[in-house]
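Student: Each chain, written out:
Protein chains: 2
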Amino acid sequence: MNQQYPSVLLEKAVSEFSRLPGIGRKTAMRLVLHLLRQEPSAVDSFGNSIIQLRHEVKYCRVCHNISDTEVCQLCANPRRDASTVCVVENIRDVMAIEATGQYRGLYHVLGGVISPMDGTGPGDLQIDSLVERVKEGGVQEVIFALSPTMEGDTTNFYISRKLADTTVKLSVIARGISIGDELEYTDEVTLGRSIINRIAFNGNV
Amino acid sequence: MNQQYPSVLLEKAVSEFSRLPGIGRKTAMRLVLHLLRQEPSAVDSFGNSIIQLRHEVKYCRVCHNISDTEVCQLCANPRRDASTVCVVENIRDVMAIEATGQYRGLYHVLGGVISPMDGTGPGDLQIDSLVERVKEGGVQEVIFALSPTMEGDTTNFYISRKLADTTVKLSVIARGISIGDELEYTDEVTLGRSIINRIAFNGNV
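Here the protein sequences line up with chains A and B, keeping their order.
By this note's numbering, the letter at position 145 of the first sequence is numbered 145, and the numbering carries on one by one without gaps.
By this note's numbering, the letter at position 205 of the second sequence is numbered 205, and the numbering carries on one by one without gaps.
Derived by calculation from the structure, the hints in this document are not laboratory data.
Beta carbons: idealized from backbone N, C-alpha and C, even for Gly.
The reader is advised that the hints may include incorrect statements.
The following label-pair restraints were derived from C-beta to C-beta distances [claimed, not checked]: (1) B:R92 / A:Q102: 45 to 51 angstroms; (2) A:P40 / B:R25: 22 to 28 angstroms; (3) A:D81 / B:R92: 53 to 59 angstroms; (4) B:G119 / A:P78: 52 to 58 angstroms; (5) A:G121 / B:R79: 56 to 62 angstroms; (6) A:G123 / B:M117: 57 to 63 angstroms.
Generate coordinates for the entire structure from the input sequences, incorporating the hints supplied.
Tutor: Encoded structure:
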């Protein structure tokens, strides 16, 4: 359907919304018309919250999780077990694991997985900083908690080789989760159990 | 799942997004993380387009459609047939009818339909301005193009009574089976009405 927008401002707002993943022009229109019915102050709050986040967001210099401070709340918490580091793809995975309440260690957010198809190589990820973090000492165990996909397994293997000359224990979360599933959509019980039942990592799973 | 946000800024942006209709917290998170990966200038553009729209939006003083000007492009267009006014619920309906390319008249956007259940009375809609518009003269036909629901029918009826002392011709868009629909799956009310309101067959439809 060739949409004729009655207003340039409207068309611009709809275009901006429809650039978001999974939002088509019809949904974008519905969202924009919803915002038009809200108070101007509420719409200011909406728009500014996103602009502010983008400009002021920080990433923890230890684990690279999103943070409001130089070092995130998890890394700065003395009650967390700093000898265990859980390697995850992104901050949604940190939140998913935190929500299980089964893990008291720290994290390392890679920012993705090695994926030649998507043009993501080891240099695009926070792998060097992980190796450095382990070599600085204090870390006794690295838990791989990447999605059980080809890319996740490749990344596990690459990191394990990088850490081969250290004495750190490597483990991988138990594969109670089916191959090909996205980690963040796994139910809490399965995900929690897969952390408890993690097994020694020897390059294969 | 009890989500622990690693950043107050992030939590605020996700909360704002999840207030939109049909957007849950998981989808909101996905959208916010997408925006975090965009250039700051692109995010500024996104946020500001919405804020600007909300503050600068105008509604045509004739038909109440969204407009960048006092009188919208449709009402200001001398090639449109100003003697015919199509009554619609909202601006999406204007766009849907415009997209058909079958209508050359003008519109009147009510801003909703009479719905006691939702607390929408005639006073909340642009009905008085429609009656005034007809009584000013020049309008020869009012076409009701509201959704064929109880609320739409009630609104049609209410407006028709308000216009009873004028000579304007009232019509309603044809209701019947959709082009391409299977007859056996059409609901009884629609099918029954399409039989009662059958039209002369001249080889075309």
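Student: All hints, please: hold or fail.
Tutor: Status of the hints after comparison with the structure:
1. Look at R92 of chain B against Q102 of chain A: about 47 angstroms separates their beta carbons, and that is inside 45 to 51 angstroms.
2. The beta-carbon spacing between P40 of chain A and R25 of chain B, approximately 25 angstroms, falls within the hinted interval of 22 to 28 angstroms.
3. Take D81 of chain A and R92 of chain B: their Cβ atoms lie about 54 angstroms apart, and the range 53 to 59 angstroms holds.
4. The supplied range of 52 to 58 angstroms is met by G119 of chain B and P78 of chain A, whose beta-carbon atoms lie about 54 angstroms from each other.
5. For the hinted restraint 56 to 62 angstroms between G121 of chain A and R79 of chain B, the CB-CB distance of approximately 58 angstroms keeps it satisfied.
6. In this structure, G123 of chain A and M117 of chain B meet the distance hint of 57 to 63 angstroms, their C-beta atoms being roughly 59 angstroms apart.
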